[in-house]
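Reassemble the complex: the two chains are provided individually, in unrelated frames, and hints are given to aid placement.
Note that the protein sequences, when read in sequence, are chains X and V.
Letter by letter, the first sequence follows residues 1 to 154 of the working numbering.
Letter by letter, the second sequence follows residues 1 to 217 of the working numbering.
Honestly, the hints are just simulated from the structure, not real lab data.
Hints are supplied without guarantee of correctness; some may be wrong.
A short, non-exhaustive set of chain V residues, derived as facing chain X with CB atoms under 8 angstroms [said to hold, decoys possible]:
#1 I118
#2 Y119
#3 H120
#4 S121
#5 Y122
If you anchor each label on the Cβ, the simulated ranges turn out as follows [unchecked claim]:
#6 V/S55 to X/S101: 49 to 55 angstroms
#7 X/D25 to V/R144: 33 to 39 angstroms
#8 V/D23 to X/L141: 51 to 57 angstroms
#9 X/D90 to V/M192: 41 to 47 angstroms
#10 X/K3 to V/S55: 46 to 52 angstroms
#11 X/L151 to V/E65: 36 to 42 angstroms
Just so you know, even glycine gets a beta-carbon here, dropped at the ideal spot from N, CA and C.
For reference, the chains in residue letters:
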Amino acid sequence: MEKAALLETITALIPNAKVIEEGVDRPAIELPPAHLPEAAKLLHDTDDFAFDMLCAHTAIDRIDDGKFELIYQLYSTKFHHYLMLSVKVDREHPVVPSVSSVWRIAQWHEREVYDLFGVLYDNHPDLRRLFLEDDWQGHPLRKDYRDDFMLTME
Amino acid sequence: MGIEQTAPAPGDSNSNFLLTTLDDVVSWARKNSLWPLTFGTSCCAIEMMMATGASRHDISRFGAEVVRATPRQADLLIVAGTIVKRMAPVLRRLYEQMAEPRYVIATGSCTISGGPFIYHSYTTLRGISDVVPVDVFVPGCPPRPEALFYGILTLQKLIQEEETIGKPGYRRKPVTAALPPNMSIDEIKEEMAKLLEQQAIVKDPLKGDSTEFMRGR
Chain X
1 MEKAALLETI
11 TALIPNAKVI
21 EEGVDRPAIE
31 LPPAHLPEAA
41 KLLHDTDDFA
51 FDMLCAHTAI
61 DRIDDGKFEL
71 IYQLYSTKFH
81 HYLMLSVKVD
91 REHPVVPSVS
101 SVWRIAQWHE
111 REVYDLFGVL
121 YDNHPDLRRL
131 FLEDDWQGHP
141 LRKDYRDDFM
151 LTME
Chain V
1 MGIEQTAPAP
11 GDSNSNFLLT
21 TLDDVVSWAR
31 KNSLWPLTFG
41 TSCCAIEMMM
51 ATGASRHDIS
61 RFGAEVVRAT
71 PRQADLLIVA
81 GTIVKRMAPV
91 LRRLYEQMAE
101 PRYVIATGSC
111 TISGGPFIYH
121 SYTTLRGISD
131 VVPVDVFVPG
141 CPPRPEALFY
151 GILTLQKLIQ
161 EEETIGKPGY
171 RRKPVTAALP
181 PNMSIDEIKE
191 EMAKLLEQQA
201 IVKDPLKGDS
211 TEFMRGR
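Just chain V, same shape as in the assembly (with noise of 0.2 angstroms):
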């Protein structure tokens, strides 16, 4: 909360004082209002409008329920879904129409990387960072609303942390969850693409027989 001392005068219940920095203040009054985007372009956005919408999920136990429709009011654009080639350009002007400071999740595969039309695809982004920049990451295909609900807290959390009123919009990036013990990012590398090279075989249309997924890459 930002509360860094709490000091009772001695002998008076009545003068209790605070103190803390004006910068906690307002992180805290951003962090805890963030007003999404009414923003989707394909399934994530039903498990987004899960967490936004339906009563199981609450988003609004995070401050964060008030969707706006236009981006004029909206701080917090979540991303649900494929960006197309000609759906780029619409996504960068509604990121510019965003009032500062903004923020941006990108939740499930297609944000991140293209998802499933990585290949033959011929319209479909390789993920939407070169378009916006992305403070949170959210993997899943789509991901679940508790999933969402961490990358909302991750991000206030950054919030809170990073930005203050002399560097608007300053954030430490790019957000990595932690590692499992004894464990390095290499071997997590080298693992995957082995199960990879053994499991995943793909059909070229064009040759017409299977050709292995991702083998020499």
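Here chain X stands alone, though its shape is the one from the complex (with noise of 0.2 angstroms):
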């Protein structure tokens, strides 16, 4: 589908998304965190996208606005398609619904993000830690993250 098309028929379907036009070089959109599993559905069994892969999710620390930007990319085998996700969730309380019922591959992705960004995953089956020890301290992709180990400007 052109991506005219596709964002028109996503918004019509998902009256919550929000088009990105800035800085994104395919099709964006962006949804408040509540909406993000039956959208998450939707576009995965809708027969006009089938976006049946997840290619990538991972976040981005917008610590000015107080905010993680958490990015899914989306990819449909049928159509040859792409989308790209974005929600912003609350810096404080990173609480999002998991996406790994719609595409099982989530379940490592967000396991990925919460050991580095500390992002919470509603409803996710195994959210523990993928890379660091078990016992590691905090999330060490988030901007304000210091420990002894580190040697910083200051």
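Shown next, in the form of structure tokens:
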């Protein structure tokens, strides 16, 4: 589907979706966290989109805005089109619904983001650290993370 | 080659003989059959593969082309790449599994000092000297294959000159390159610090403004 037509169909189907215009090179929408599960299910199941693959899920620490921006890169193996999904959550209470029931690979991605950013995923079947030791304190990719090992500029 | 004396017997060309010491022969054999371990953790490993695998830079000229996949059969550990906290115990175990005498070449900035990950890294080791004893450091990011060869030749020189059967594993450390004429190490340090203060500016993510790198250090 063409970019404009795709975005139009998505916004018609998911009224809470906001189209992102700037700084993106592919169709991109922003969603409130509460609407993430139903939107994910729609994007996956609707035959017009068929976003059956979650290529990547990562997070950005927007410390100046007090938000974590969660990025979901979706791809359709049927139509060969992409979609970027952006969800912003509060930095103090970073709880979002898990999309692992829609795309099972999200279990791994969400564990990684939990490990490095400390974002908590609701309804995740097994939310443990992925890369770091189990007794690691804190989440090192947060911009305000400091520990004794780290050398800093101050 | 360790040949100290060649003395043909007078009038008989068939009875030539060589005199040398056992130490020299053993060191000569060791230095010309270094078997490296297949070990690489990042981009330096690509350059090492260029040196060991590609035809252009033929590492077998120095007898070090038999790259082994197990530490039991290797005696040269080329640490090529960044070592992080979780990799350090594995590196140490690999080193301890190697048969003695064993040698270590550390290539690249990361293995020397942490390289670009010195600041704001929660996991990168700032140099591997604490984990394994290093014989030769090869600077570069990553070093060219020629630099790695220079490191191997330096190691060969160390093995030939310093190591004996009575003192296995003994090498003179650390290896320092020759200084340019009319210059002391303190002058070089001073000049480098001045250059850093003038040029290197990095952004501190917390403050949001530009903080001058290395000032006051």
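Where does the structure disagree with the numbered hints, that is, which hint numbers, in rising order?
Checked against the structure, no hint fails, so every one of them is satisfied.
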